[in-house]
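**Q** Here is what each chain is made of, one letter per residue.
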Amino acid sequence: MTSPGLAGEVSDYGGQEAPKRPDEKKKTMSHLVSIDDVDLRYGGADGTLAVSGLTMRVAKGEFAAVVGPSGCGKSTLMKLVTGLHIPQKGTVIVAGQQVTKPVSIVGMAFQNPTMLPWRTTLENILLPLEIVEKHRHRLRANKKEYVAKAEHLLELVGLKGFGSKFPWQLSGGMQQRANLCRALIHEPELLMLDEPFGALDAFTREELWCVIRDLHAAQGVTIVLVTHDLREAAFLADKIFVMSARPGRILREHQVPFERPRDLEVMYEARFTDLVHELHGEIANARVAA
Amino acid sequence: MTIVTETTPPSTGPKVRPMRINWVRAAPWLYTLGLFLGWELLVIVLDTPVTVLPAPSRVFQAVVQYWSAIWKNSLQTLFTTTLGFGLAVVGGLALGLFIGWSKTIYAGLYPLMIGFNAIPKVAVVPILVIWFGIGTIPAVITAFLISFFPIVVNVATGLATIEPETEDVLRALGARKMDIMLKVGIPRSMPYFFGSLKIAITLAFVGSVLSETVAANYGLGNMMSSAQSQFNVPLVFAGLLALAVEGIAMYALMAWIEKRMTGWAHRSTMSH
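Respectively, the protein sequence lines represent chains G and D.
First residue of the first sequence: -8, per the working numbering; consecutive thereafter.
First residue of the second sequence: 4, per the working numbering; consecutive thereafter.
Simulated from the structure, these hints should not be mistaken for laboratory data.
Beta carbons are placed, not taken as given, at the ideal position from N, Cα and C, and that holds for glycine.
One or more hints might be untrue.
Unchecked claim - Interface residues of chain D toward chain G, partial, derived using beta-carbon atoms under 10 Å:
hint, residue
1, Val46
2, Asp50
3, Glu168
4, Gly177
5, Met193
6, Trp267
Said to hold, decoys possible - Simulated pairs of lysine-lysine, DSS-like, Cα-Cα distance not exceeding 30 Å:
hint, chain 1, residue 1, chain 2, residue 2
7, G, Lys125, G, Lys92
8, D, Lys75, G, Lys80
9, G, Lys134, G, Lys92
10, G, Lys140, D, Lys75
11, G, Lys156, D, Lys124
12, G, Lys135, G, Lys156
13, G, Lys140, D, Lys180
14, D, Lys180, G, Lys134
15, G, Lys80, G, Lys51
16, D, Lys75, D, Lys186
17, D, Lys186, G, Lys156
18, G, Lys156, G, Lys51
19, G, Lys135, D, Lys75
20, G, Lys151, D, Lys186
21, G, Lys135, D, Lys180
22, D, Lys186, G, Lys92
23, G, Lys156, G, Lys134
24, D, Lys186, G, Lys125
25, G, Lys151, G, Lys134
26, G, Lys135, G, Lys125
27, G, Lys140, G, Lys92
28, G, Lys125, D, Lys180
29, D, Lys75, G, Lys92
30, G, Lys80, D, Lys180
31, G, Lys140, G, Lys151
32, D, Lys75, D, Lys106
33, G, Lys92, D, Lys106
34, G, Lys156, D, Lys262
35, D, Lys75, D, Lys180
36, G, Lys125, G, Lys140
37, D, Lys106, D, Lys186
38, G, Lys140, G, Lys156
39, D, Lys186, G, Lys134
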């Protein structure tokens, strides 16, 4: 599907100013995340090759989704971008800097909310601030300000007044909402979501899609969403990357043409169904090829 | 190592009528009473001589008769046990955290610990006697040695089973190993630690009494072994009774502390 919706950089990543020489710096500045020809192998020289020749770019403020057959290295992608794994070959550049160690401008949320059961929801959300270098020394003195911020986030995701509850007193959907708050509390430039809604029922999931959609609109954060759910990807993302089976690389890149703000109704339009259908076909092919 | 959880009575529903007897709460007392009654009946029916199996009534009589000796020796045993146990708590917590810190340390020390734990402590007591003489010190050390292991293993297990996602989230934020330990590892190993205290305290009694039996002039172990050599079987059983009471009391104390300290881990909805 080569739709004209968001014109511009479909396959060409150069700057618009057309400089005399492709300026390496300028090139990376316009993209928050750029991954170039990356190989990552687990477990030594003859371990499994998780991704190979992986190349992708995500612009600042963009909402990107990554879909693919299971075991295609989507979670590896998460770890590459956050600096939890350093590739054996190729470069990963986040916010203009090559990733050689964990990058703290990233917030992460997983399918498993991993809330700490001995902390209240509010204390769980404040946890990143106790870690991130920029905030940890300010936390005690400015506790009020940070708590107010956390409560604001809770309100944004519809959990107002639940801060004092323990995570195990919340439902799965509520825990996942709190998990999003935790991922956002330190104002990351990049939010990495690894199937955050996989364990939720269909209605809760749709509700949280809207939460994410509104967060993205309100906070201007760049989001990379790794998911199995093609409708989720099509509904939320500006750009969808289709990955191949292991070793993973990007097969196709789709611009999602639907104008924002999107309503859940968009999912019942023909062009939406067509996009999902096409994605489905590509992934089915990738599975067969494996 | 399994953590023995106390058998919590299954809640019998919210509507408890006041006139009804709460059988679940009464059960421990009734069963204990039943044990003594059965024992008494058995002795009467079989007409066993008192030097083989004294009836509970005879044992209670011995408790009254030798009360001051039992009291004094009980305090001594309680003292050596709690001291050894206290050392095991401090040492076990420290070593457990140390072992849980890194995979290499874990891999290196674990076989040593297993081997050490497999050594019968009764074989260690003579060595302790050579080093420290008979009396309080070998008893304390034996109690320490025997109750140390479950604490170490449980604390290390708690640290080793941090969810990888939690660790990833924190590491991606730039967390150092120390941060992860302080924020996640140590709090999450606390239920394991407090759970292990219940096992450790009962084992500590085994250790101290063992040492007192082999090499001491005081303590319940010593009292029982000298009573045995005089064929004062009721006093031996009275000593066992005193030990059982101390053991139950200390266990209950540990269970209470566990519940106080890590209430969050005892919720039925706790899924992680």
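**Q** Does each hint hold? Answer for all of them.
**A** Tested hints:
About 51 Å separates the beta-carbon of D:Val46 from the nearest beta-carbon of chain G, more than 10 Å, and the hint is not met. The closest approach between the C-beta of D:Asp50 and any C-beta of chain G is roughly 58 Å, which is over the 10 Å cut-off, so the hint fails. Hint on D:Glu168 holds. Least Cβ distance to chain G is approximately 5 Å, under the 10 Å limit. For D:Gly177, the shortest C-beta to C-beta distance to chain G is roughly 4 Å, which falls under 10 Å, so the interface hint holds.
Interface hint at D:Met193: satisfied, since its Cβ lies 8 Å from the closest Cβ of chain G, which is below the 10 Å cut-off. Because the beta carbon of D:Trp267 sits about 5 Å from the nearest beta carbon in chain G, less than 10 Å, this interface hint is met. With a C-alpha separation of about 16 Å, the suggested pair G:Lys125 and G:Lys92 falls inside the 30 Å cut-off, and the hint holds. About 74 Å separates the Cα atoms of D:Lys75 and G:Lys80, which puts this hinted pair outside 30 Å; it is violated.
As the CA atoms of G:Lys134 and G:Lys92 are separated by approximately 29 Å, the hinted pair is consistent with the 30 Å bound. Between G:Lys140 and D:Lys75, the direct Cα distance comes to roughly 62 Å. Violation of the 30 Å bound is thereby established for this hinted pair. With a CA separation close to 48 Å, the supplied pair G:Lys156 and D:Lys124 exceeds the 30 Å bound. Between the alpha carbons of G:Lys135 and G:Lys156 the distance comes to roughly 19 Å, so the proposed pair stays at or under 30 Å and holds.
Among the hinted pairs, G:Lys140 with D:Lys180 is consistent with the structure: their alpha-carbon atoms are about 27 Å apart, no more than 30 Å. Our distance criterion of 30 Å between C-alpha atoms is met by D:Lys180 and G:Lys134, whose separation comes to about 24 Å. About 24 Å separates the Cα atoms of G:Lys80 and G:Lys51, which keeps this hinted pair within 30 Å; it holds. Annotation: proposed proximity of D:Lys75 to D:Lys186 is violated, straight-line Cα distance about 45 Å (limit 30 Å).
Simply put, D:Lys186 and G:Lys156 have alpha-carbon atoms about 19 Å apart, close enough for the 30 Å limit, and the pair holds. Proposed proximity of G:Lys156 and G:Lys51 is contradicted: the alpha carbons are some 35 Å apart, above 30 Å. With a C-alpha separation of about 57 Å, the suggested pair G:Lys135 and D:Lys75 falls outside the 30 Å cut-off, and the hint is violated. At roughly 25 Å between alpha-carbon atoms, G:Lys151 and D:Lys186 fall within 30 Å of each other, so this suggested pair holds.
For the suggested pair G:Lys135 and D:Lys180, the alpha carbons sit about 28 Å apart, so the restraint of at most 30 Å is met. Proposed proximity of D:Lys186 and G:Lys92 is supported: the alpha carbons are some 21 Å apart, at most 30 Å. For the given pair, G:Lys156 sits about 19 Å from G:Lys134 by alpha-carbon distance, which is consistent with the 30 Å threshold. Restraint check for D:Lys186 and G:Lys125: satisfied, since their Cα atoms lie roughly 18 Å apart, inside the 30 Å limit.
Taking the CA atoms of G:Lys151 and G:Lys134, the gap is near 19 Å; set against the 30 Å cutoff, the hint holds. Only pairs whose Cα atoms come within 30 Å are accepted, and G:Lys135 paired with G:Lys125 is accepted, the gap being roughly 17 Å. Among the hinted pairs, G:Lys140 with G:Lys92 is consistent with the structure: their alpha-carbon atoms are about 28 Å apart, no more than 30 Å. Our distance criterion of 30 Å between C-alpha atoms is met by G:Lys125 and D:Lys180, whose separation comes to about 18 Å.
Between D:Lys75 and G:Lys92, the direct Cα distance comes to roughly 63 Å. Violation of the 30 Å bound is thereby established for this hinted pair. The suggested pairing of G:Lys80 with D:Lys180 holds, with an alpha-carbon distance near 27 Å, which does not exceed 30 Å. At roughly 12 Å between alpha-carbon atoms, G:Lys140 and G:Lys151 fall within 30 Å of each other, so this suggested pair holds. Straight-line distance between C-alpha atoms of D:Lys75 and D:Lys106 comes to about 47 Å, which puts the hinted pair past the 30 Å bound.
With a C-alpha separation of about 21 Å, the suggested pair G:Lys92 and D:Lys106 falls inside the 30 Å cut-off, and the hint holds. A hinted pair counts as satisfied when its Cα atoms are at most 30 Å apart, and G:Lys156 with D:Lys262 qualifies at roughly 19 Å. For a cut-off of 30 Å, the pair hint linking D:Lys75 to D:Lys180 is broken: about 49 Å separates their Cα positions. A distance of roughly 16 Å separates the Cα atoms of G:Lys125 and G:Lys140; the hinted pair therefore holds under the 30 Å criterion.
With a CA separation close to 19 Å, the supplied pair D:Lys106 and D:Lys186 stays within the 30 Å bound. Of the supplied pair hints, the one linking G:Lys140 and G:Lys156 holds, its CA atoms being roughly 17 Å apart against a limit of 30 Å. As the CA atoms of D:Lys186 and G:Lys134 are separated by approximately 18 Å, the hinted pair is consistent with the 30 Å bound.
Hints 1, 2, 8, 10, 11, 16, 18, 19, 29, 32 and 35 from the earlier list are contradicted by this structure; the remaining hints agree with it.
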